[in-house]
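There are 2 protein chains.
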Amino acid sequence: MKASSRVRNLPTPSVQRLPVYLRFLKEARRRGDDVVSCTRIAEEFGQRSVQVRKDLAITGVSGRPKVGYRVDELIEAIESFLGWDVKTTAFLVGVGNLGRALLNYEGFVEHGLDVAAAFDANPALFGQEINGRVVRPLDQIASTAARLREEGRIVEMGIVTVPARAAQPVADKLVGIGVRAIWNYAPVRLDLPNDVVYEEVKLSASFAVLTNRLRRRDADE
Amino acid sequence: MKASSRVRNLPTPSVQRLPVYLRFLKEARRRGDDVVSCTRIAEEFGQRSVQVRKDLAITGVSGRPKVGYRVDELIEAIESFLGWDVKTTAFLVGVGNLGRALLNYEGFVEHGLDVAAAFDANPALFGQEINGRVVRPLDQIASTAARLREEGRIVEMGIVTVPARAAQPVADKLVGIGVRAIWNYAPVRLDLPNDVVYEEVKLSASFAVLTNRLRRRDADE
Chain A
221 MKASSRVRNL PTPSVQRLPV YLRFLKEARR RGDDVVSCTR IAEEFGQRSV QVRKDLAITG
281 VSGRPKVGYR VDELIEAIES FLGWDVKTTA FLVGVGNLGR ALLNYEGFVE HGLDVAAAFD
341 ANPALFGQEI NGRVVRPLDQ IASTAARLRE EGRIVEMGIV TVPARAAQPV ADKLVGIGVR
401 AIWNYAPVRL DLPNDVVYEE VKLSASFAVL TNRLRRRDAD E
Chain B
221 MKASSRVRNL PTPSVQRLPV YLRFLKEARR RGDDVVSCTR IAEEFGQRSV QVRKDLAITG
281 VSGRPKVGYR VDELIEAIES FLGWDVKTTA FLVGVGNLGR ALLNYEGFVE HGLDVAAAFD
341 ANPALFGQEI NGRVVRPLDQ IASTAARLRE EGRIVEMGIV TVPARAAQPV ADKLVGIGVR
401 AIWNYAPVRL DLPNDVVYEE VKLSASFAVL TNRLRRRDAD E
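Chains as they are written, first to last, in the numbering used here: chain A, 221 to 441; chain B, 221 to 441.
Careful: at least some of the hints might be erroneous.
Unchecked claim - Stretch-level coverage of chain B by chain A, calculated; a stretch enters the list once three of its residues show a Cβ under 8 Å from a Cβ in chain A:
#1 239-246
#2 249-262
#3 279-286
#4 340-347
#5 353-362
#6 405-415
These are computed hints drawn from the structure, not numbers from a lab.
Glycine included, every Cβ here is placed at the ideal spot set by N, Cα and C.
Modelling step: build the complete structure from the supplied sequences, incorporating the hints.
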């Protein structure tokens, strides 16, 4: 794909803002808008217009002066840029509350996420069905992946929703079956091979920033 | 509090790393360690020692050369710095899967989070009990806050776990009862008064970064 040199060293904050623009553009499309201006998007999100233009430029699409972006074209460009126009097959490990929430949430399905199976270490959960997926024992990760592979489905992503202590061994298992991306919800940093892409959802970190700011504000008053 | 000038313009990544250090320190204490060196912490998290020292310095505690940090003192300093040594009373709005996960998760309780009540717009959920909290109708936010205030409990934080479309009106309601912090899980940016501290948990943003990197890697191969 020719884009690979262009997309090197992408600014992460720009990538992070794309889903929000995408949602807005899809709403615009539902309303029947064909074109949307950069200024309009900037207004919606309280950002500078130049920032929005820069964010959107990483997808390879540029608006026309005094006209703006074609809504359809921009939606397609963002989805393609994010890889949301193709299916990503995933395993989810850890069927606690957070794991359940993710299994039940349909929002990522429209972004191509296909959770093919869910696993847990707790025998009480084995066989339970959550939104169409049966919970399997942790030690069936490799055999399940092998069976899917025979059907032509390659597990590319592991979603880790186990407690902190269990996260590294689970990640190792997932790397063992060849996943190329780990999405970690456990509050620990995972040690992974360099060729595995990695993202953490840091709930505790977010809470820390919030409470720290709240108490600093107290101190200022 | 004299610290307010010192703690201005704190580097957010440092604040975000403190919960992970805290977890490690609590484990060290459980093992019976009195002292831990900066190098040891750095090793554990694959960071440079100088970065760890800098991160910890924002709490006001510094280690002694060749000895390290006193575990107890450092735990106390981090908890106090993050405001995790005091109770933060919160309302949670939106009892879908994610809201339920947060209500059932005990991890934030030990960081002082006290979710006093949960609200939803769906009448089918009214009266349902989740981990000790009864789900109330959305229009009882103000009256519930008033009742708690009579008991001396001030609702300081609003946790927003409603769908994107409902998030802004819910946040407005929460601001209306005087919350001073909003923790937003909905995939939209909320428009809030300047004196309300704000944190978003960006699940879609995290997924976007992950899938984008995964597809870039595909393109490189």
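Coverage criterion applied to the segment 239-246 of chain B (partner chain A; beta-carbon cut 8 Å; 3 residues): holds (count 3)
8 Å C-beta test of the segment 405-415 of chain B against chain A, three or more residues: It holds, with 5 qualifying residues against the three required.
Stated coverage of the segment 340-347 of chain B by chain A [criterion: 3+ residues, CB within 8 Å]: violated (count 0)
Annotated coverage of the segment 249-262 of chain B by chain A, confirmed only when three residues or more have a Cβ within 8 Å: As far as the segment 249-262 of chain B goes, the hint is violated, because 0 residues have Cβ atoms under 8 Å from chain A.
Proximity test - 8 Å, beta-carbon atoms, the segment 279-286 of chain B to chain A, at least three hits: violated (count 0)
Annotated coverage of the segment 353-362 of chain B by chain A, confirmed only when three residues or more have a Cβ within 8 Å: Since three or more residues must qualify, the claim that chain A covers the segment 353-362 of chain B is violated, with 0 doing so at under 8 Å.
In this structure, the earlier hints numbered 2, 3, 4 and 5 are contradicted, and the remaining ones agree with it.
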